[in-house]
Structures are given as C-alpha cells and as structure tokens.
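2 protein chains.
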Amino acid sequence: MTGCKTTYGIRFWESDSSDTMKDIHSRQSSWIYGITLTPPTLGDNIADADRLIHALKAELHTDRVWIELPLLRKLPSLFRASEWKIQCVLFKDRRGYILIDAMPAGDALPVAGMAVDLGTTRVVLRLLDLVTGKTLGETAFDNPQAVIGPDILTRIHHADTAEGLNELHRLIVDEINLHTDGLCKTCGIPTNCVFAMSVAGNTAMTHLFLRLSPRWIIREPYIPAANTPPVIRARELDLHLAPQACVLVFPNVGSYFGGDLIAGILYSGIHNREETSLLVDVGTNAEVLLGNRQWLMACAGAAGPALEGGAARMGMPAGPGAIDRVRIRPDTRQFEVHTIDDAPPRGICGSGLIDLAAQLFAAGMIDIRGKFVEAECGAHLKEIDGVRHIVMVPGTDSQSGKALTLSQIDLDSLIRSKAAMYTILSTIVATVGIGFQDIDVFYVAGAFGAFINPESAIGIGMLPDLPRNRFVSIGNSSLEGATLALTINNCLDEIDKIRNLVTYMELNVNQEFMARFSAAKFLPHTDRSLFPSVTII
Amino acid sequence: MTGCKTTYGIRFWESDSSDTMKDIHSRQSSWIYGITLTPPTLGDNIADADRLIHALKAELHTDRVWIELPLLRKLPSLFRASEWKIQCVLFKDRRGYILIDAMPAGDALPVAGMAVDLGTTRVVLRLLDLVTGKTLGETAFDNPQAVIGPDILTRIHHADTAEGLNELHRLIVDEINLHTDGLCKTCGIPTNCVFAMSVAGNTAMTHLFLRLSPRWIIREPYIPAANTPPVIRARELDLHLAPQACVLVFPNVGSYFGGDLIAGILYSGIHNREETSLLVDVGTNAEVLLGNRQWLMACAGAAGPALEGGAARMGMPAGPGAIDRVRIRPDTRQFEVHTIDDAPPRGICGSGLIDLAAQLFAAGMIDIRGKFVEAECGAHLKEIDGVRHIVMVPGTDSQSGKALTLSQIDLDSLIRSKAAMYTILSTIVATVGIGFQDIDVFYVAGAFGAFINPESAIGIGMLPDLPRNRFVSIGNSSLEGATLALTINNCLDEIDKIRNLVTYMELNVNQEFMARFSAAKFLPHTDRSLFPSVTII
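Sequences listed follow chains C and R, in order.
Under my numbering, the residue at position 140 of the first sequence is numbered 140, and the numbers go up by one with no gaps.
Under my numbering, the residue at position 491 of the second sequence is numbered 491, and the numbers go up by one with no gaps.
One thing to keep in mind: the hints can contain errors.
Since the list can't tell identical chains apart, any single copy or any two copies may satisfy a pair.
[Claimed, not checked] Under the rule of at most 20 Å between Cα atoms (straight-line distance), these lysine to aspartate or glutamate pairs were calculated in the DMTMM-like manner:
hint	residue 1	residue 2
1	K57	D93
2	K497	D50
3	K85	D50
4	K521	D367
5	K521	E455
Hint data in this document are derived by calculation from the structure and do not stem from the laboratory.
Since the structure is predicted, the reported quantities are computational estimates derived from the model, not experimental observations.
Put together the whole structure using the sequences plus the hints.
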C-alpha cells in the first residue's frame, strides 16, 4: 500500500523564508557589549560598580542599568585582572537593563539562550547562540505532566489538591532541566553559559511552570493569577541555567489567550504591518488573531479534537504509520494513501482526515451534508455495528491486519470541527467589519499549517477560499516567537506592545455564532458563492 | 572623690527636640496602603496581579509598581479570602514601588522596620513600628569583628585572606541576627513582620556587611567596590527578617565618606535648608560636612585617637568610672571630677580630657603651647619615668588605688588632635570661601557632641568661637538617619540627592593644611582674635 502513495505536488504555501519573516529575523540583538573603562585615579575615584554603570548608561543611552549583589561582588577583581577591558552580557527588562554577567574582553566562553515552546502535550527546547542568533541545537519531549492528565483541565483540578501544584510544577521543571542538561551537553555548552530563557506557553502551562495557581482560570469569570509575570532569575525556579539567567515568560491576554499566541504574533510580525493579517493556530482549540499595527483582535474556540486525530476511531497523532495524505482516483475511486515515514498504515492523522473528506466530497462519495452517498461509495462502504464506514485501507495492507475505516460518526465530527473553524474565522472577520478578501496574509501555525493540504482544507470549507499565495505556513510559531524574543533587542517592549494591542473577543457570548455555525456545517458551505474555486466532479 | 562632683549647669547645646529635627520627623511615611479591588467579571477579567498593579499605580500616581514571583503566588487566594479588600506593604526602590507584602484589610499583624547603625566598634539596632514611626525597642552590641581586629584596617587586610571576607561577613550578620531575634522577642514582634532594614555604616563596614571586597578601599586611588549598593532582599544575606524585606544600605561618597555620614546628613536636614550648616562627626576620624540645599562639601581627617580616650595612658572609652567632666577650683586649684555612673574613677574619657585641658589652661597651669607651668601646677605635678604628669585623682580616691595622672605626652597628643580638628574645620570653611560666622547651625554628632562641654572645646580652640546657641548636638546621627530613612516616603530620592550633592575634598592634598595645623597647635590658637570669648585667669 505504501507503494501507491501520491505526491501532492508543490506545497504552494509560503515557507518560513518569506520576506516578512526575513525582515523580522534581520533585527539582530546585542547581548554583549565590550566596555573599556577608564582606570580610576585620585581625581576620578568613583567606585567600581558605579564606574561600570556610568559607562553602560552612556553606551546604551539609558538612565536605567542595574547590577545585583552577587555580580557586583566579582567586579573589582574582574576589572583589575582584565585591565579594565571587559565585556558585559545585558538583558533589557521592563525596569531597564540588567547586567547578567561580565567577563574579560575577548573571553571565548559561549553566551547562549534557551527558547522554550511549553506545550500542553509537547515541549520543545531550542538552544541559541545569543551573539549570532543561530540555533545550536533543539530537542523535544512529551510534557511529563501527562502522567497527571493528558488534558490541561485535569491538571488544573489536580493543582487544587494538596501538593498538586508543586507536583505539576516539579514535573515540568525537572524535565526541562533534564533535557537542558542533555541539549547543552550535546552542543558542548556549559549550562551556566545559558544566560537567558524565553518561555512561550498557554496561560495554564505558564502558571504551572511558575507555580502559580491555575485554579481561577477555569472558573467564571476565568481569571489568571497574572497576565504579565515578572522576568525572573533562573535560580528562582532552580532551572539548570546560569543562576542569574533572566527567564522571560511570555505574558498572556487572558485565561484562553496565552503567551504561546503572543509569541506567534511576535514571530508573524502582524503587529508591525500596515496591512491586515490573520493568524490561526489549531490545536484542540482554534486560536485566531486578526489585525495590523493599529489593532489586534483575538478569539479562541473549540475546533474539536478531530483535527488533532484524537476523535476518530482510527485517528492518531501525526507519527510513523499515520495516514497524512489521501487521494481518491477519479476514474477507479481507488484510495491512494501516504503515511508518515512510509510505514505500514495504522491510523489517520488530522491532515489525512481533511484530505480524505475533501477527496470523498470531490468524488461525490459524500454529499454536501457530509453523508456517505451509497451509490457512489459502492464496495468501499461497510456497515459495522449498524454504522456505515468507508474503508480507507484493507486489512491486507494495514499494520494491524485489520481494515482502516472511517465511520459516518467520525465524519460528522470532522464536519463539526471544520464548521467551527470556519465560523470562528468568519465571526472575527465580520466583527471587525471586513471580509476575508481584505486579509493580506493568512498565517497558519503549527502542525496543522505545516502538514495539511490547503486545497483540501478549502475544499471542505474549513479555510476561506482565498488566493493560495496569501496563505503562509509558519510552523511552530510559539517556538519561533520564543526564539525571536532572544534575538531582538527590545523584546519586552515588543511583546508588551502586542499584549496591550490585543482585544480578546468571547465567542460564546456572540449571538450570530450559532447561525454561522449551522450554515458552515455543509460542504463547503450553504453559500457556494463563498467557495468559487471549489469544484465537484 | 565622687562626692566632689560638680554639675556643669545647663547643657546649652540644642537637643534633638530642636525645630529643625521636628520638621524632618513630621514627614510621616506611608508603608501601608489599603486597597479595595473591584472584583473581576466576564467583562473585566484582567488577572489578579495585574488588577492589583493597576490599582496601586492609580493610588500611588506612578507607572512603576513591581511584584516578585513568591508574593504573586499568594495573591489569588488572598484576594478571594479577603473579599478583595487588602492592605499592601510597599517600599519605594530606585526602580519604583516594590510590593513587599499584602494581607487582608484590617490585619492586625505589626509592620516593623529595623534601623541599624553599623559602627566599626559598636552596632546599634532600633526596631520601629513602620506605621506610626515610633521606636519599639533598641539594642546595642560590640562589633564582633573586633576578634579579627579592633580597627578597620586589620579587618580589611584579613578580608584578603582565604575565607577572610566570608568570616568577617558572617561575624557581623550572625551577630545582627542574634540581636534581631532578641530585640524582636523583647518587643513581641515576629521577625517575619520586619519588612525593611536600613543600614548606615562607613564604607568598609558596608562592604563587609554586603560581602563586597574592601581590598581597594585602602589602596591608592582608594576605590570602593560600590558607591550605591542596590536595595536587596533580606534573604540575600540570610537576615532574620521577613525573607522579602527590603534592605536599604546607605550609599557612600567614597572610601573615606560612608553611608553613616549620609545618614547623618539626612537626619540633620542640611541638604534641604537655604542656610549653610556644618556637621561634624568625631571618631578616630573627624568627618565634616558643610553646605546647604545647593551644595555640600565634605572632608575627613585623622583627628587623633585622643578624643576617643584611646591614646592617653589613663584614657578609656566612656563607661562607668570614666572621668567625663573636670573642674579646677580657681581658688584652691583643687580638681573636681565627675565620673560616669558616679563610679570610683578609673580613667578619663574624651570629654573629660577636653575639660581637663581647658581647665588647666584657664587656670594658667598649662601655657599656650600646652606645656605644664611648674609654678602654677605646684604639688599636682609629678615626674614619672622622667615625664611630667598632672595628678587628677590621688590613689586614695581611685578605683585601682593608684593615682590617675595625665602626662605631658598625653597632653601633647590631645593638643595635636584639637589642632587637627580645628584645622579640618577651618580648611573646609576657607575652601568654600566663607567664615565660621557664616555657619547658621553647627551640628555635632556622636558621643563627642553629646558629652563634651562645648565651652571647654572652644576654650582649647578645638571648635570655633561661635555663639553657643548655634551648636546643636544631634546624638547618634547615623542611627537617627537610618531611622528617618524608614519613616519618610521617598527616602532613596532624598539619600541619593545627598550623595550626588556631596563633593569630597581630599585634605592630604591640601597645600595650606600644614600651615593651618601649625597655627592651631596653640591654646586656643596663635591668633587670639579668633577666640574672643575665651578668657584666661
């Protein structure tokens, strides 16, 4: 079966190398400042620390430079050993510049930073050279809090039990430390040369990371403990970095709009452009951000787990053996599937599911309501326990020896998900009084953006029918945003600017939402004129 | 002998209750702010910490309010348990307002602060109620670093040895902790209700307290590690206060002008007055500050240990049995001495020595060079080991049974000290181009100010011959300044203003100093016109 795979041709979505991305990445940071101090004399006898602060204030054109006590202790011997020629590692906090470390000029020790995508399911660490901005290495691991519960809700309830919050906090911090040690070792970077960490996670994960109670996040009126956590030092969380490393945790807009999305916006650069763009990040929730340099409107809604491969009986996360692309030959109606790593098929992931639905619809095998058309499905249709299933892969070709099928129920669920997604998109666009055609760039983040066939997503009416070159897949935008935060100078100004620009819209209080949702539960939509480019055989 | 004590009459020096002092003390602090938060709703759902920060910014008319992570963690449950009515303990740092603690409104727990006079020889702790500004209790102890060396120079050298700095640091911090525990217990204040500490010490003591190397303080060009140490948290030095208590260490102007003097200036209020005042603090060094709201000129010089009772063979620090006042009856030339606590005499302290010299001179028993006049001294004079001594107390009346005497050598030493003192004063006054008569208030700090008879000090030409009501004795001005720092709102603004106003003048590079010193080595001075009020029998 793996032999019948079809390459879908060019991925017409724009990749990370688009001009907008390059534009952002070109803003290089200055973490290291070489400073030559004037040695003191009887006539110029201010103290060592004050001498350095004066020099840094002049260099950085600021009146706010701070040195904490432990670092201050080492300055006198450093200055004299280095003959007053030093280099300084600085981070710009909300309070001003913080001197993180100082060393003799020309010191060859690396100056590294760690960007963290703190996902509910998966965590990614990326080690960076702060001087060049280059990635030194990357590692990913499953969020160990899954032992408490795979979903965030279970974890939030667990945090309410005695020691529950501490336990969840230790689980994630210990695992980050373990993988930090490993990644640093692999890259040949001592952990105490990691001087900064940026952490982008949703609001609940951010709370668990900082050991803040997430209790009120899920209780009306849904209040986080903090929207803008302070920049802390690594030692405050016992992180395996330089103890004085600055840890920047992305702020959130609210309980349902977290720092991961702020990081995504930072990476997309939407907040700096005149034109209006849209950013969608699809997980269990679809999180949507629409706006430009003047305003940013956000909303989030349940897009349904179908898209994460969690709902369909044959659904599975993207991984070896997951069907990620499907094609139905127009002539023979034969199914051609592609699996990840070309492994024998064992399930279907989100992008495969969307492909399958689009192909079934294009072939007339399902109708506009998403129901199987018996006459067109023919032998592919099979009734199991009184429910109709379409056979994607016969038992002879699957990994388990059992046929891989998709039921009407699974399909209904997918239709609801796609309808929810389209409704969220059309609602936010309508709320600000524009149309989809006014969206200059349509960013699609995450695995969803990276792997789905946009033609299929449009074909089933999940995404709007826009010129394909307006879609840009920006990959793991949280990780990229966390990375960017460590490579631009005034990252906190930029991040806080985004946070303050964002207006969050509650979808569940929107009156028109249900009407729009009903209209979107058809393929591609009740209003066919919205999808002129979608054709049916 | 104690029976023949004479009360010298009114102490014409102004006491602490002068108007200028009251003026300063009336500026009460606001450590506690009662805040009633608007409970969140779906339409007003910003996070707990951000809600409080917004409220505090409005209340304090600032855009800089900071809450650190540990405190942030307790806000959600505090807000809900207190029904959104809380009180906040705030400290104004150089970076803005720091929330130190928050508790339910009406909470009865005390909010205390600790003022510390960190002397080389003696340390004084004063526990304050921060709300009322009232003193709760006070304790004093000898600086335990004396086991390393009584003088600061020995300690600085010791700090250069392996673990020497740590040892000195631990000695002082442990002893402060011990006495903090004791004082808090006596006053019924839990140590974790002490939310602030202010520390006024000389530059070297400040360094040892903060575990900063004092090595370069005593080496040309005499550079402290820091002039303006940051405000730290109690936990950073393991102090027995609330771990998050803010510790304000007074900044110094340089190696020889420390935070103790900045504290003294703060207390005197010189820096806020239109009129020009002078402040002198006498210890082993005489430290002098001259100025007004526009400028402050400082200098320090060795006044000689004679004034601390350290040099004379019979000299002793002020303590039970120390002769602190002497009168020579004009008719009989009998010595009338007063001792501290009326104990049997065992030595003579600084104020006694000055009295003695003034009385000897007034009685014509010493000449203008300070040499014993044999004809006038008569039987009081005695030669011991070839050196002439004056007998103050016969053996029959002393504690030891031995006569208490003062040698010509001791007297010469005192004359040098008084000459140094007068020279320092006249040099600084001349440097800024004014005369002593232009000094509106002449503050005399410390035990010297509190105990000496100013008539005697002027009589020997140690202090200038000004109207007596211009002299104000301000006691332990370091301790009072440290206290004041905890009772005024914007203490760091005030302190930094002083620090930045002060110009430090190096006396040992002053050309005219030696000429002035020679002229001052006579009683009261070679230029008698400078001391019109001093009469000789």
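Checklist entry - Checking against the hints above, which ones are violated? => result Per hint list: zero violations.
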